[in-house]
Amino acid sequence: MNRIILDHVSFRYPNGFLANEDLNLTISQEEQVAIVGQNGAGKTTAVKLMNGLNKPTEGTVYINDKDTKDYTTAQIAKYVGYVFQNPDDQIFNQTVYDEIAYMPKYYKYTEKETKKRVDEAADVMQIREFLKCNPYEIPYTIRKLVTIAAILVVRPEYIILDEPTAGQDLRGIRLLEELLGYLRGQKIGVVTITHDMEFVADNFKRVIAMANKHIIADGSAREIFSRDEVIKESKIKRTEMGMVAKEMGLGSDILNPRELADAAERRLRS
Amino acid sequence: MAYIELKDVDYVYPLAKEPALKQVTASFERGKFYGVIGENAGGKTTLCNLLRGLIPHFYKGKLKGDVLIDGEDIRTLNMDVLSTQMGYIFQNPFTQISGVKNTVFEEIALGMENLGIPKEEMIEKVFSIAELLNIEHLLQNNPNALSGGQRQKVAFASVIAMDTDTFVIDEPTSQLDPDGTAGIFEIIHKLKEQGKTIVLVEHKIDLLAEYADEVLVLKKGELLAKGRTSEVLSDFTLTGQGVMIPHTVSFYQEFSARGHVFSKVPITKSECVSQLAGMIQGKKGEESV
Ligand SMILES: Nc1ncnc2c1ncn2[C@@H]1O[C@H](COP(=O)(O)OP(=O)(O)OP(=O)(O)O)[C@@H](O)[C@H]1O
Ligand SMILES: Nc1ncnc2c1ncn2[C@@H]1O[C@H](COP(=O)(O)OP(=O)(O)O)[C@@H](O)[C@H]1O
Ligand SMILES: [Mg+2]
Ligand SMILES: [Mg+2]
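Sequence order for the protein chains is A and B.
Residues in the first sequence are numbered consecutively from 87, following my numbering.
Residues in the second sequence are numbered consecutively from -4, following my numbering.
Read the hints as simulated data drawn from the structure, not as lab findings.
Each hint can be trusted.
Computed list of lysine-lysine pairs in DSSO-like fashion (alpha-carbon distance at most 27 Å, straight line):
no.	chain 1	residue 1	chain 2	residue 2
1	A	K291	B	K264
2	B	K187	A	K323
3	B	K2	B	K17
4	B	K264	A	K332
5	B	K55	A	K218
6	B	K185	A	K323
7	A	K218	B	K57
8	A	K218	B	K214
9	B	K264	A	K318
10	A	K332	B	K259
With the C-beta cut set under 7 Å, the calculated list includes, among others, these residues of chain A facing chain B:
no.	residue
11	N125
12	Y226
13	I322
14	K323
15	P343
16	L346
17	A350
We put the beta carbon where it would ideally sit given N, CA and C, even for glycine.
Just need the whole structure built from these sequences, with the hints factored in.
Next up, the structure:
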């Protein structure tokens, strides 16, 4: 079965700092999962374990039942693609085209196949007009879309997005929502780190909350946002509508304007 | 006289085809908090670069129109003097870290060092700001061994520590958790209460709605709107322009469409709560008559 498993995984950085402690998790290829939690909780560290950029200090990470310790990061990248939190850590080519074409060329795809894949990925991310540009001349948020395209092009089984919503405008958020739909259609599993609670509530069935090196909750958005102690510990918040509902005693698991309107009408009728 | 005055400002970056700012006219008063919103590539960062004098002193390009700070033309203003008056927090937190310092402590102190602030004052300031931002535990860390959000807080701290009269702040919470984001807004609010002038670029519209005195909306280099926060953020025509609206305004639209009447468009949570409570109370009142 296609899945990513973290089995009693801990990770320590070379300077001795323990950033993840005893993580246990199974994510199947059919899922789209959001990871939320405080700055420094260990989210980026944890997802880098899923694509072999970090190898566990203790415990085992399995990709489709294979131990990541037995494979190189380049081998794993074919199955699990990771889009960096900071696009500048990922980008190193002179043009957007070359950046997206890098992995297909690395895997020695034909020029024709490479071009076809690059064009397709660029279309999904709506960045075709930038293909000839130098990545450093385009805005940060578009650079982020370029790094997503550079992973899409590989057609991996799972894609990990590290804070794709950061700094995006309304159009960028809608584009990311379309991307999630596209990936669902392609049967590519998704793990997204984000601090945007509305984005989580609107798009994810499963949410993992992290705090201080640990996973502290794993459940539906409704479950996570109804638990005060999880919200407090992982330094997240309810959605804006959830906060209004909670303050008015209209429920602790309201997620969006429609639900708030329903709850308020129930109160008005009672 | 206004503190900062822009009149018919056009600006084109070197080699760029399109202007990044077009016919922008706006004035800024001292001691006010201005929010800047709008689509990406709208010119928000360019406006910051201009206010801080990086345009035209660092970015050459073509600048037309008047830019006056305390009545003086930005073109002839001394940049060293301006830097002691105006702190600038850049958009990309990953590039704001200097790379020349070995600890977070020194990184935060760097800006103050450049201003020649006495050592004891500097040390005290670093501790107090680190505490405010919940990053005391990171002070001895290497700035390159930080998470994304931690870096952004350090970048923010190093500029705020300089205690300038004005702060131009470009998307300071993009990598922050919700709690950290609220903290940054509280700090900015306190700075305003101390009389500082704030220009803040943000996508987090719900928080701007709470705190900003005025909001400017930029799109494709043009200033679409500028005015009191409550007026600009309750203007639905702006959603069609790719501008986010507060979630309470989305709720207002949903609930109005169901036939419920608000006395005004709520742009903050507390306004939304009090209006809803009013409706529920009103209903109870009717029943008891
Ligand atoms: N290269 C490194 N060396 C040592 N410690 C590190 C390194 N990178 C990160 N850390 C520390 O590990 C912890 C977890 O970092 P990580 O980047 O995984 O956090 P995160 O949850 O992704 O946070 P954010 O939301 O701010 O991106 C933090 O305390 C951070 O300071
Ligand atoms: N250094 C630069 N050189 C050339 N063009 C630039 C530069 N910085 C920004 N631009 C262009 O100016 C316009 C406005 O950009 P910017 O001010 O960064 O917008 P925002 O901050 O609203 O996203 C965009 O078209 C952008 O591509
Ligand atoms: Mg991170
Ligand atoms: Mg910008």
